[in-house]
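Line order of the protein sequences matches chains A and B. The opening residue of the first sequence carries number 1 in the working numbering; numbering runs sequentially from there. The opening residue of the second sequence carries number 1 in the working numbering; numbering runs sequentially from there.
FYI, nobody ran anything at the bench for these hints, they're computed from the structure. All clues given are correct.
Selected chain A positions facing chain B (in silico; Cβ < 8 Å):
#1 Leu98
#2 Leu109
#3 Pro273
Computed far set for chain A versus chain B, every beta-carbon distance over 10 Å:
#4 Arg92
#5 Tyr99
#6 Ala167
The structure presented is a predicted model; accordingly, all values stated were derived computationally and were not measured. All residues carry an ideal CB built from backbone N, CA and C; glycine is no exception.
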Amino acid sequence: MNIDAILAQTMLGLSQGVFYAMLSLGLAIIFGLLNVINFAHGALYMLGAFVALIGYSYIGPWLGYPDFQMGFWWALIVAPLVVACFGMLMERFMLRRLYQFDHIYGLLLTFGVALVLQGVLSNYFNISGTAYPATPESLRGIVNLGFMYFPKYRLFAIVLSVIVCFATWYMIERTSLGAVLRAGQENPKLVEAFGINVPRMITLTFGFGVALAALAGVLAAPIYSVSPLMGADLIITVFAVVVIGGMGSILGAIVTGLTLGLVQGLTQALYPPAANTVIFFIMVVVLLIRPAGLFGKAEG
Amino acid sequence: MNKVFWVLLIVLGLAAPWLTYPVFAMKLLCFALFACAFNLLLGYVGLLSFGHAAFFGGAAYITGHVITAWGFGPLPGILTGTLFAMMLGAIFGALAIRRQGIYFAMITLALAQIIFFLALKLPFTGGENGLQGIPRGTLLGVFDLNEPITMYYFVFAVFMVGFLIIYRTIHSPFGQILTAIRENEPRARSLGYNVERFKLIAFTLSATLAGTAGATKAVIFQFASLTDVHWQMSGEVVLMTLLGGMGTLFGPIAGAAAVITLQDELASFGSWVQVAIGGIFVVCVLLFRRGFVGELARLVKAKSS
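With the hints as extra help, turn the sequences into a complete structure.
Pasting the structure below:
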């Protein structure tokens with residue numbers, strides 16, 4: 001095992017880690033305001049990838065314009081919007097009825113939604129995956145990083161995701177909009193008294209959280225093939241990431257996601273059989289030493 | 001009203017092989033026991049585990065292995081699987097009760113995923129194919145379990161034993177404390193009860209009986225597969241309990257019957273089964289959170305008062 005191979009796996013791990021980071025960030029934002037764990041997060045990530053795929057390969061012929069193809073750049077904008085709309089409808093007409101009950105009902109409802117989405121798409125698309133053919137020419141090929149050659153597209157995905165994650169962090173922790181949001185987490189009644197429409201803020205926040213998942217889905221489409229099951233196993237790993245990091249902090253979600261991706265990449269290099277389970281074992285260790293999670297606050 | 005349910009359960013249970021296919025009736029009893037074991041945790045302690053497939057499927061694999069490779073009989077095989085589920089339940093429980101609420105659900109889900117990967121990778125599990133051709137064998141050297149009717153009554157006996165254990169647990173002082181923890185955990189703690197210990201015992205008991213159900217399933221169908229340990233199995237048992245009525249004694253049986261029948265009827269429609277199951281989840285959570293039996297009990301109560 002030479003150092004180059006380890007570095008290569010580290011970079012690959014990082015490109016996995018950005019997906020963990022974006023998904024756990026979205027979960028943390030939603031959880032902060034709604035106290036709901038969105039089990040459909042993986043399915044919405046998958047839906048984002050499908051919007052990109054359908055927009056490129058299928059929608060033109062369906063609508064009678066065989067030449068119409070929505071390219072990758074458009075998909076980066078359109079897919080999060082479409083999925084955010086879906087998510088906001090879901091929040092407005094389903095989740096909102098459950099806030100007065102035990103939090104586990106939100107989890108169960110979103111689990112049901114995830115099964116429906118997965119089941120419907122499984123009927124029309126191959127569950128072993130369909131290749132996304134629309135990676136732009138400018139992002140194909142490899143780039144020399146000095147210590148290794150790395151696929152240009154993966155580098156792009158890493159850079160864009162990190163930018164989006166930190167922009168989100170900045171917005172929530174450093175702007176007045178974010179201050180309202182954080183105030184809404186602490187005391188929704190008081191924020192409402194200041195004339196802010198809290199229910200609408202909740203809907204928009206949910207939309208934003210799932211838009212992050214959809215964006216991750218579009219970014220994943222050229223790397224992994226697009227499959228109805230692509231979100232299902234990912235979301236369980238992301239749950240473990242969330243348990244390890246704790247959902248108390250936005251920055252915590254980002255850092256934990258990136259770090260665990262790196263750890264997984266390194267495990268892949270050093271001891272491949274454990275690569276799938278290493279995050280779960282880390283979760284066990286964290287539960288034993290610091291049950292509230294690395295960045296978490298103790299629960300009441 | 002409970003009396004009516006008891007009579008129904010025993011009469012239907014005894015007559016089932018003549019009312020429907022024995023295999024279908026056996027499958028139903030297995031999942032009913034699984035759901036009842038799960039309900040002990042969700043309905044009476046208020047803990048939502050999303051990882052019960054690990055106990056169900058894990059026990060199925062262990063039972064299959066000891067019967068096939070070590071030549072165990074059906075009863076010792078099922079007991080070994082059950083014992084395994086008990087130990088696994090104690091370990092998972094000890095870890096998961098360190099967090100509460102939805103964290104608890106996420107932790108159990110993640111832990112169960114470890115078992116899924118082990119079932120996929122360990123040398124004795126048969127990977128993607130699972131364990132196949134587990135012999136049913138002869139019970140106590142007397143009853144030939146290849147006879148469908150004999151097998152059915154054996155499964156019915158296993159179910160009744162499991163169900164009575166759950167019944168006794170719920171209606172014991174121990175069960176009352178569990179309910180107290182569900183209703184108001186800080187209060188139970190302030191009364192001097194060691195809440196963690198009670199949760200752990202309840203979790204282990206629930207996992208043990210889920211294991212019994214899975215082990216029995218392996219003997220009936222003569223295989224153990226990745227489906228048994230998959231997270232979707234954990235989801236199904238949640239649905240059965242929710243649909244029938246969590247926190248009711250007979251609800252999970254009704255829920256299991258409904259879900260198994262549905263799967264059987266829709267078996268030829270591929271992934272639409274999943275869509276139906278997901279749809280029922282949504283409707284159930286939005287419109288009738290008490291489930292069949294819970295709603296029924298409420299109606300009867302409203303009438304009598």
